[in-house]
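Residue numbers (our numbering), protein chains in the order written: chain A, 1 to 778; chain B, 1 to 181; chain C, 1 to 349.
It is worth saying that the hints were derived from the structure and are not from the lab.
Treat the hints loosely; a few may be bogus.
Straight-line distance between alpha carbons at most 25 angstroms, and here's what the computed SDA-like set of lysine to any residue pairs gives [what the hints assert, rightly or not]:
| id | chain 1 | residue 1 | chain 2 | residue 2 |
| --- | --- | --- | --- | --- |
| 1 | B | Lys180 | C | Lys249 |
| 2 | C | Lys339 | B | Gln42 |
| 3 | C | Lys148 | A | Asp715 |
| 4 | C | Lys54 | B | Pro27 |
| 5 | C | Lys249 | A | Gly452 |
| 6 | C | Lys249 | A | Asp715 |
| 7 | C | Lys148 | A | Glu139 |
To list a few chain B residues with every Cβ distance to chain C over 10 angstroms, as calculated [as the list claims (entries may be wrong)]:
| id | residue |
| --- | --- |
| 8 | Ala31 |
| 9 | Asn35 |
| 10 | Gly36 |
| 11 | Gln42 |
| 12 | Pro144 |
| 13 | Arg152 |
| 14 | Glu181 |
Just so you know, even glycine gets a beta-carbon here, dropped at the ideal spot from N, CA and C.
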Amino acid sequence: MASDDKPHAERFPFGIVGAGLGVVTRQLPPDEPPPLAPNADLAVIGRPVPRQNGRAKVTGATRFTVDISLPGMLHGRILRSPLAHAEIHGIDVTAAARHPGTRAVLVVARPDELTGATLRYVGAPVAAVAAVSMVAAAEALRLIRVDYQSLPFVADMDEARNATAPPVFDAASAPAGYASGFPARLNLPLDGNVRGPATDGRGDTAEGFAEADLVVEGEYRTQVQTHCCLEPHAIVADWRADGLTVYMSTQFTAGVRHELAEAFGLPLDRVRVIVDGMGGGFGSKSTLGSYGRIAVALSRQAQAPVRLVLDRQEEQMDSGNRPATWQRLRIGAKRDGSLTAISLVSYGTAGVALGAGVGNVAQALYACPNFAAAQYDVFTNASPGCAMRAPGNAPGAFGLEQAIDELAERLQLDPLTLRDHIDPSPVRREERRIGAERIGWRRRHAPGADPGPIKRGMGVAQSLWGANVQTNSACEVRVMRDGSVEVLSSVQDIGTGIGTVLAQTVAEVLGLHSEAITVRIGDTEFPAGPPSYGSRTTASITPPARAAAWRVLRPLFREAALALNAAAEDMAVRDGRILVRGDSGRSIDFRDAAARLRTDRISAVASRSDDYGGFRWRMADAAQARQDLGGVQFAAVAVDTETGVIRVERVVAVQDCGRPMNPLLIESQVQGGVLMGLSYALFEERILDRHTGRMVNPNLEQYKLAGACDTPAIDVVVLENYQANSATDAYGIAEPANIATAPAIANAVYNAIGLRLRALPMTPAAVLAALGKFPARS
Amino acid sequence: MINAVSALTGRAEAPDSAAPPSVGPDPLAIAMTVNGAARSLQVEPRMTLAEALRGPLGLTGTKIACNRGACSACTVWLDGVPICSCTVLAVEIGTRRVTTIEGLARGDALHPVQAAFIAHDALQCGFCTPGMVMSCAALVERQPDLTADDVRAAISGHYCRCGTYPHVVAATLAAARTRKE
Amino acid sequence: MNRFTWATARTIAEAAAAASTIVADAMTALPETAGPGDGTIVKAGGIDILDLLKENLLVPARVASLRDIPDLDAIVEEADSGCRLGAMATLAGLAAHPLLRQRYPAVTDAAGESASPQIRNLATLGGNLLQRPRCWYFRAAEYRCLRKGGGNCFAIPGENQYHAIFGNRPCAIVHPSTVATALVALGATVDLIDAEGAVRRLSLEDFFLPPERDLQRENDLRPHEILTAINLPPLPTSARMVHLRQGEKDAFDWPLADVAVLLDLSPEGICRSASIVLGAAAPVPHRAKPAENALLGKHIDESTAGAAARAALAGATPLAKNAYKTPLFEALIRRALLKAAAPIVKERG
Ligand SMILES: Cc1cc2nc3c(=O)[nH]c(=O)nc-3n(C[C@H](O)[C@H](O)[C@H](O)COP(=O)(O)OP(=O)(O)OC[C@H]3O[C@@H](n4cnc5c(N)ncnc54)[C@H](O)[C@@H]3O)c2cc1C
Ligand code: SF4
Ligand code: FES
Ligand code: FES
């Protein structure tokens, strides 16, 4: 064991397994574990270990927030705006307060003496009640009298851009800061409902277009998609004199604790946030949210625990959504395919929120010296959008990757050949090679070549996503004298199986089976873990888990060395034993070594160190690795040109997440990303009634999601890509897998019918319209 | 079939003409066989089976996600047949046997579908999982020889936002194979 | 959901005596007067009733269950080799019935493709035919539209992508029942029994009411009447039938369009009679008479089927967002005709 209290050089595996895996020398910061071998040489990491909480989940034993019931618990419910834009002049809650079941009443949209409170979308919270039962809460809500004055509104983005459109905000009331999507930036001008532009650029696009032999230009549209977490947003707030405990279906226990402490003026140590089962978030459960604040306020007022669970209609109408976008892309290229300029103008609407940009794919996916982007947020009287699985880049890739496909065709190049020429990423090059072989790309025919009414086609699209890291991520590993081991962090398992991955990480270090590790997560009583958004969980928390395990192993090595009459530096672990390296005859059972410990329990806490090679950037607790995560997806579709129905028959998804920690769980994540992308491509759309601004499909019936019968064969291939950045070198996968699907399908549709669908979702109506099968109407 | 409701409460009203007697709207006592055990509980006539299971019966394994038959998360068996428990009332269960996710395993021994779900990672967040398991287990019980299309049809009414369908199909086919052996 | 009392009818007479209010009437009451009235509504599988109750669109004083009435779910072959389908037969029961599958495959296909397996296990045939429309304005308590006794239709000037392309004024619902498409094509009749036991039998086609006949009711069910059975007429062995549906999704999706055809072909393949009905097209299952006429005396092939399909759509009056249904129906009708006319692989017995 090298002395590790000073930085020193170490040799790390580097590159893609099967495509030039090499070695790199990096400075290892002090107290970090030694380089980890490629997966082939490991016992637990990289193996398809089934998730630990699987049994609880298949037997119904898992406690989700909606299942939590505390003694004396009340039920909260929110009264919501029926109008898209209104001022409240008066609100009378006396009758509601007098309802025998009522225990607390809260006015959320409180008019002050001079001005009314303004509501800006259908579903905006107005007031709330906590009562002894759900039924009583609903009855009490109906007793609240609100004096609404309806105001002109605009729910459609195109209309909102008109100078004559009713303003959603004025300069003083408009949100100004950052928002979960990007590129919402500070201090951008607001003109009517249009805020921006947020600009990015390099080189000179005018020159670039002048140099181009060919320019493709197109406009693309994407719709509003709702998250549709199967578990609704839910919280149980328990306000007590000695502190606040909150059970919440959240993607970020530690973050919610911060928000609560700030919102209610409590010290951090008096706020505890807990989540066990978590029924999906996809970005929409990243923060406390208005419903969370309401539940806590109700609990404080009622002096009793309050459970607040949104119903499906509230979920659809006010729990976040993926903003709609409009994008115009121009791409200039030389005959050989070299790009000379890319220009992007986008308008997007996250309703009353910011963050409707189209990400950084146009900026960063391909080599192009000249780039200019102007992205605008458009306010509309619609519920606030928020981050949703690969915000920005998912809609952005729908535009860009079709434009590149179009460019390839105009250049008479195979889309893969063009990408080989303009895409500098060695990762995606390898992914293209693998994917093309899997899908049988050579069989791809010319656009629209199939003779019959059912036309088949193949398409490809690529993705890029930042390798995000939360530096404020810590993990504790404990070993007890009986040899039992616990790993603890406030990190939450939102379905990715991070608990199992932590167990694997620790087990690998300690030479144990992963089932031997008890995982205790989802509770802010444990060291603060990262959020489960931005695909940063694994990248942030597995390195400290390995580091903590490594540190806790040292006292055990000392005990073992004493017992075996060897030097602690020569100790190693294997199959539940601590042994002398190179002399496996001399070994001691892990439990026997633990039994020799001086105290009942030893423990080590580690936090996420900086990437060994340095970060690309770091801001507060968030950072990004130098390399991006690349993905390439291929789709094969069948388009029925008489009914307009598109069926996706096969998807091949080749993805990169650094070191794959658990291929079984990763495969699940990738399938999930592909299916959400497919559903986005073909079915989903929030539909607002243009005359009332109300969502007409606020349920899971008329808001359509892909089901089992819409699921194609999905081939998942995951690269093993080492970058020598951290103790595990692992990165996220959930979002990258969601980006390329819709454009791959769109490109496959083009290949099938020779017509490009530039708007989502690609419904039968859209296909039949593109085919000119019915007279267009205004 | 006897009218369990009126028999139990004795609150039956005098029939006007030939119309049947009624109970409620206040809570009334009913009996129900859940997971093989006789249970009695108080329900208002408007309470759905899903609410009764999750509330008075404390069986929170059954999930409510859409509350209108559109997602099948609340699937339980009625006399062995999968139905959405959010689309039936507790008062009308009568003598029909209710089986929920909590009643599927035999003690510690998981149903083959449950075991296969774990092995094939047919669950992510796990919220749709209880319902999904109930539908797949019913299929395996009913039809030993399965194709992937049979499984897809059996879960065609389920939504899984995490996208577990491919693994659910694989797991159920595997469970059917073990069952046959 | 509001409170109600609960009753279990054990005979048809009991049920009919109880059924003082039909759902459509209960839903047109003004919101102010809508509180629990004195009406009793009947419930079969309850899929639709529960939806309406949960949305507070329906606030009955009492709900009476039909579930315990004996034999109301029977499917029996009649002496004339027609079939009598009990109103309480479930969609799953219909879809899986061997005799029906053999003789009336259009019905079993339509039943088996409706909703989800879980719903089909509870949903009854009677309830399916009597369910209220799915128009999203109709289903939201916020909109008091024409069909609920209000003054406007919100769909015609609003979001109407899934609405009717025929007979769509002043209300543009599509009839929600998928099996109805097949049943009307087959010339099914319904039996309605009142509290005194009097039976009213009428053709299913006449039982459904378009908006011009009744703006608030989709059918002619009357208070104190119970739908007891649907009768399928005997068919010549030369009859051929097909039901096709097309949703945006392959399963568990309301059809964008569905078509049922019943053909009688001479041994030479000449069309002697044709019945073509479109579902998801109009406020009632829509009989495509021009298409039927276009086929009489013809050999059915690509060109005659195509011509008939075009004839079927000639009178369509699509709204702003549903014109795509025209080509979609054309394709479906043509395919259904060709499929029905294709040489029969397995003889029907
Ligand atoms: C998500 C979803 C998807 C669906 N998809 C489809 C689809 O694709 N195709 C389709 O056709 N349907 C579909 N349905 C609708 C479903 O099939 C119907 O709601 C169901 O068939 C209604 O039958 P029921 O027995 O539950 O009726 P109930 O809800 O019990 O009753 C419906 C109505 O009929 C009355 N009634 C019932 N039986 C009688 C009787 N014997 N005499 C007098 N009155 C009676 C009741 O008073 C009530 O007004 C779907 C439903 C859902 C929730
Ligand atoms: S289509 Fe009919 S049901 Fe729908 S809003 Fe118009 S009137 Fe009402
Ligand atoms: S909760 Fe019952 S079907 Fe969705
Ligand atoms: S596992 Fe999350 S919804 Fe199915």
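Against the structure, the hints:
With a C-alpha separation of about 33 angstroms, the suggested pair B/Lys180 and C/Lys249 falls outside the 25 angstroms cut-off, and the hint is violated. Proximity of C/Lys339 to B/Gln42 is assessed by CA-CA distance (about 55 angstroms); at most 25 angstroms being required, the pair is judged violated. Restraint check: the Cα-Cα separation between C/Lys148 and A/Asp715 comes to about 50 angstroms, which exceeds 25 angstroms; the hinted pair is violated. Between the alpha carbons of C/Lys54 and B/Pro27 the distance comes to roughly 18 angstroms, so the proposed pair stays at or under 25 angstroms and holds.
Of the pairs offered as hints, the one joining C/Lys249 and A/Gly452 holds, with about 22 angstroms between alpha carbons and a cut-off of 25 angstroms not exceeded. Among the hinted pairs, C/Lys249 with A/Asp715 is consistent with the structure: their alpha-carbon atoms are about 22 angstroms apart, no more than 25 angstroms. Of the supplied pair hints, the one linking C/Lys148 and A/Glu139 holds, its CA atoms being roughly 23 angstroms apart against a limit of 25 angstroms. Listed as a non-interface residue, B/Ala31 keeps its Cβ farther than 10 angstroms from every Cβ of chain C; the least gap is roughly 15 angstroms.
Against chain C, the non-interface label of B/Asn35 holds: every CB pair exceeds 10 angstroms, the least being about 19 angstroms. Taking the minimum C-beta to C-beta distance to chain C, about 21 angstroms, the non-interface status of B/Gly36 holds against the 10 angstroms cut. Interface exclusion of B/Gln42 from chain C stands, the closest Cβ pair being 14 angstroms apart, more than 10 angstroms. With 10 angstroms as the threshold on Cβ separation, the claim that B/Pro144 sits away from chain C holds: the shortest Cβ distance comes to roughly 17 angstroms.
The Cβ of B/Arg152 does not lie farther than 10 angstroms from every Cβ of chain C; its closest approach is about 8 angstroms, which violates its non-interface assignment. No beta-carbon of chain C comes within 10 angstroms of the beta-carbon of B/Glu181; the shortest separation is about 26 angstroms.
Consistency with the previously given hints fails for numbers 1, 2, 3 and 13, ordered from lowest to highest.
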